[in-house]
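In this note's numbering, the protein residues as written are 885 to 1051.
Don't read these hints as lab results, they were simulated from the structure. Any given hint could turn out to be false.
[What the hints assert, rightly or not] Simulated restraints on C-beta separations:
{"hint": "1", "residue 1": "Val938", "residue 2": "Pro910", "range": "43 to 53 Å"}
{"hint": "2", "residue 1": "Glu988", "residue 2": "Ala1027", "range": "19 to 29 Å"}
{"hint": "3", "residue 1": "Val1007", "residue 2": "Ile955", "range": "18 to 28 Å"}
{"hint": "4", "residue 1": "Phe1023", "residue 2": "Ala936", "range": "56 to 66 Å"}
{"hint": "5", "residue 1": "Ser920", "residue 2": "Asp943", "range": "19 to 29 Å"}
{"hint": "6", "residue 1": "Asp968", "residue 2": "Ala936", "range": "50 to 60 Å"}
{"hint": "7", "residue 1": "Tyr1006", "residue 2": "Pro910", "range": "35 to 45 Å"}
{"hint": "8", "residue 1": "Ile1038", "residue 2": "Pro939", "range": "41 to 51 Å"}
{"hint": "9", "residue 1": "Asp943", "residue 2": "Ser1002", "range": "33 to 43 Å"}
{"hint": "10", "residue 1": "Asp1024", "residue 2": "Thr1051", "range": "46 to 56 Å"}
{"hint": "11", "residue 1": "Gly974", "residue 2": "Ser920", "range": "19 to 29 Å"}
[What the hints assert, rightly or not] No farther apart than 30 Å at their CA atoms in a straight line, the calculated lysine-lysine pairs in the DSSO-like style are these:
{"hint": "12", "residue 1": "Lys990", "residue 2": "Lys961"}
{"hint": "13", "residue 1": "Lys1049", "residue 2": "Lys1001"}
{"hint": "14", "residue 1": "Lys971", "residue 2": "Lys1049"}
{"hint": "15", "residue 1": "Lys971", "residue 2": "Lys990"}
{"hint": "16", "residue 1": "Lys1001", "residue 2": "Lys971"}
{"hint": "17", "residue 1": "Lys1011", "residue 2": "Lys1001"}
{"hint": "18", "residue 1": "Lys1011", "residue 2": "Lys990"}
{"hint": "19", "residue 1": "Lys971", "residue 2": "Lys961"}
{"hint": "20", "residue 1": "Lys1011", "residue 2": "Lys971"}
{"hint": "21", "residue 1": "Lys990", "residue 2": "Lys1049"}
Ideal Cβ positions, reconstructed from N, Cα and C, are used throughout, including at glycine.
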Amino acid sequence: MAIQNQPANLNQLNVISFQTNFLRMPMVDYFCQRVSIPGITSSSIVQTTPFADVPIEGDHLVFEDLSLDFIVDEDLKNYIEIFDWLKAIGFPDNFGQYNSQEEELKSDVNIVIHTNKSNPNYVVNFKDIFPVALGAINFDTNATSLEPIVVNAIFRYTGAFTIEKIT
885 MAIQNQPANL NQLNVISFQT NFLRMPMVDY FCQRVSIPGI TSSSIVQTTP FADVPIEGDH
945 LVFEDLSLDF IVDEDLKNYI EIFDWLKAIG FPDNFGQYNS QEEELKSDVN IVIHTNKSNP
1005 NYVVNFKDIF PVALGAINFD TNATSLEPIV VNAIFRYTGA FTIEKIT
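With the sequences and hints as input, model every part of the structure.
Structure, rendered in structure tokens:
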């Protein structure tokens, strides 16, 4: 007897088969080590009845932040890309920096997910991202090996993100 619900493709999603494309941060693209496609949560509403409170589906979605880890290059170029972007958004040095147009403070990004044979399979698109956090650079004279410095950056984005099949 054959299994009727067996999937056509038995391959698992490969954890290392991805590529980031940040329009505003090309140096971060090259050194990107980890990226997390954000989770999504739906709210629920409680409908009170004389017998019991009944949960029903909500109409509000909450999207988690976009998080990525990257190796800091020797010249700090990728770190400075995000650092300067954050500074322009939140704490300019002078009034001239306020002249930035809002479009310059946001950027688009996509993450291409590859198959196990390294072929592009899906693209995850984010519109109007902007940084909200940049992790610390930690130096350590007690380190026993020369591990690269990896920093985390967190971004928010406008609305939802899309996941599209690449044909």
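When you check the alpha-carbon spacing of Lys1049 and Lys1001, does it fall within 30 Å? It holds: about 16 Å lies between the C-alpha atoms, which stays within 30 Å.
With respect to the beta-carbon atoms only, verify the hint that Phe1023 and Ala936 lie 56 to 66 Å apart. holds (58 Å)
Outcome of range test on Cβ distance (Val1007, Ile955; 18 to 28 Å): holds (24 Å)
Mind checking the hinted window 46 to 56 Å against the Cβ distance between Asp1024 and Thr1051? About 47 Å separates the Cβ atoms of Asp1024 and Thr1051, which means 46 to 56 Å holds.
41 to 51 Å as the expected CB spacing between Pro939 and Ile1038, which holds or is violated: violated (31 Å)
Is it true that the CA of Lys971 sits at most 30 Å from the CA of Lys990? holds (13 Å)
Given hint Lys961 paired with Lys990 - CA-CA distance at most 30 Å: Holds - the C-alpha atoms of Lys961 and Lys990 are around 19 Å apart, at most 30 Å.
Cβ separation of Gly974 and Ser920, checked against the hinted range 19 to 29 Å: holds (23 Å)
Holds or violated: are the alpha carbons of Lys1011 and Lys971 at most 30 Å from each other? holds (20 Å)
Has the given pair, Lys990 with Lys1049, been kept, meaning a C-alpha gap of at most 30 Å? It holds: about 25 Å lies between the C-alpha atoms, which stays within 30 Å.
Can you confirm whether the C-alpha distance between Lys1011 and Lys1001 stays at or below 30 Å? holds (28 Å)
C-beta pair Glu988, Ala1027: status relative to the range 19 to 29 Å that was hinted: Given a distance of about 38 Å, which is not inside 19 to 29 Å, the answer is violated.
This entry does not satisfy hints 2, 7, 8, 14 and 16, going by the numbered hints stated previously.
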